[in-house]
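Enquirer: Sequence:
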Amino acid sequence: MTDRAGAVSGVVAAGAPSQGFTPAYRNYALFVLMVAYTANYVDRQILAILLQPIKLELGLTDTQLGFLSGITFAIFYATLGVPIAMWADRSNRRNVVALALTIFSSMTVVCGFVTNFAQLALARIGVGIGEAGSSPPSHSMISDMFPPEKRASAMGIYSLGINIGILIGFLVGGWVSQWYGWRAAFFIVGAPGLLIALLVRFTLKEPERGHADGTTAQAAGAAPKVMEVFRLLWSQRSFRHISFGCALAAFGGYAGVTWIPAFLIRSFQMTPGEIGTWLALIIGFVGGAGTYFTSWLADHYGKRDVRWNMWVVAIVMALCFPFAIAMYLSFDKYWALAFFLVPAFAGAAYIGPSLAMTQGLVVLRMRAVASAVLFLILNLIGMGLGPQAVGIVSDLYAPRFGDESLRYALLTVMVVWPWAGVHFVLGAKTLKEDLERARTHGLK
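With the working numbering, letter number 180 in the sequence shown gets 180, and the count goes up by one each step, no holes.
It cannot be assumed that every hint is accurate.
Said to hold, decoys possible - Here are the simulated DSS-like pairs of lysine-lysine, each with C-alpha atoms no more than 30 Å apart in a straight line:
no., residue 1, residue 2
1, K429, K303
2, K429, K150
3, K432, K225
4, K225, K205
5, K333, K150
6, K303, K432
7, K333, K55
8, K225, K55
9, K150, K303
10, K150, K205
What the hints assert, rightly or not - Have a look at the derived ranges for each label pair, beta carbon to beta carbon:
no., residue 1, residue 2, range
11, N95, D332, 50 to 58 Å
12, E433, T271, 51 to 59 Å
13, F268, E433, 45 to 53 Å
14, E208, E57, 48 to 56 Å
15, K432, A289, 28 to 36 Å
16, L411, T271, 19 to 27 Å
17, P322, L56, 30 to 38 Å
18, R201, F268, 41 to 49 Å
19, E149, E57, 28 to 36 Å
20, K225, A118, 29 to 37 Å
21, Y301, L122, 27 to 35 Å
22, P322, R237, 26 to 34 Å
23, P418, T203, 37 to 45 Å
Hint data in this document are derived by calculation from the structure and do not stem from the laboratory.
Beta carbons: idealized from backbone N, C-alpha and C, even for Gly.
Just need the whole structure built from these sequences, with the hints factored in.
Expert: Okay, structure coming up:
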């Protein structure tokens with residue numbers, strides 16, 4: 001984690017308004033929020049490495065596993081994110097994040113006690129409810145600590161929690177499940193979140209809204225209703241394309257990260273520990289590099305032309321897509337893992353720039369809800385339908401392909417990535433105008 005803390009230091013803008021915050025504190029706050037997001041993703045993704053042993057012990061189908069990994073979690077995570085974000089826009093965001101951490105960590109521990117499909121589904125719903133309150137308030141806090149020209153990089157560093165979380169989840173989940181069983185894995189990854197919740201609650205400060213933009217919450221007025229935020233966002237062509245681009249990118253990404261462990265077990269007879277180690281290294285380090293580097297490129301070239309925030313994402317996805325296809329067509333495990341290095345780079349690359357642009361498209365009191373609206377679309381389509389689609393298609397392919405049905409199901413759903421890239425390019429066309437309208441007229 002110390003290496004990540006060092007990376008954070010490069011994001012702080014020397015000229016950012018201080019509000020009494022030193023550069024060291026802003027670095028620390030971003031680091032702690034990133035650690036909280038890491039816990040979020042460990043608890044969210046731990047199920048992926050455990051799908052095969054859970055399937056065998058509880059006697060589940062791939063469709064049921066897809067339901068547990070996708071819709072069960074995503075519906076509550078995405079929909080409850082909006083009212084919780086409204087609460088955060090009106091109250092202390094730090095406390096909301098701490099409470100959310102407590103809930104989803106506790107419910108992850110509960111997953112280790114279940115004995116059937118219904119109980120596991122209810123426990124995963126509890127995890128989704130808790131995680132719904134974590135990200136939108138964090139996005140809003142980060143936007144109030146870092147100025148617009150550094151915001152994509154800050155969001156990119158925060159989003160490294162995805163890759164670090166997957167790294168920890170796969171590594172710990174793989175070996176713990178192999179040595180002690182899948183139930184122990186839930187216990188071990190859930191407990192640390194309770195300690196992180198205390199760290200958030202008692203060491204972070206609630207930043208003044210708008211200080212990084214040189215304005216105040218009083219100038220922004222009262223927090224608007226959620227439908228007002230949604231109408232204002234949806235009236236902008238750039239946001240519509242950004243949200244659908246994110247949703248389609250997440251559709252392919254969540255489908256892959258959820259089902260790749262089971263694919264490697266079925267097609268190559270790899271052990272959970274072996275899979276956990278390989279995927280932890282690839283997604284954690286290569287994926288983390290992609291998440292941060294794409295956001296850094298967006299900030300770097302976006303200073304010249306803000307549309308580069310979307311162009312960079314589209315280029316990265318276009319370059320990585322052929323390697324995802326090659327991975328699922330490979331019949332050698334080492335070639336499959338080698339090909340996976342490239343799409344892993346793009347797995348979460350879209351998040352930092354997309355969040356930064358979404359935050360810029362609204363006024364101050366809309367920021368947490370704006371993130372929640374983006375995540376609502378992203379998660380219902382991406383997280384909710386991606387893993388579920390793979391499970392359904394795999395069951396449909398099973399009579400013909402047997403254990404290889406999962407390989408061809410994953411290959412089928414990856415066609416969404418080029419489609420996502422088209423939306424990012426189209427979103428760039430009106431991005432300048434929409435950002436300027438938000439800056440000068442408050443979207444009136």
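Enquirer: Please write out, lowest number first, the hints stated earlier that are contradicted by the structure.
Expert: Violated: hints 5, 8, 19, 21.
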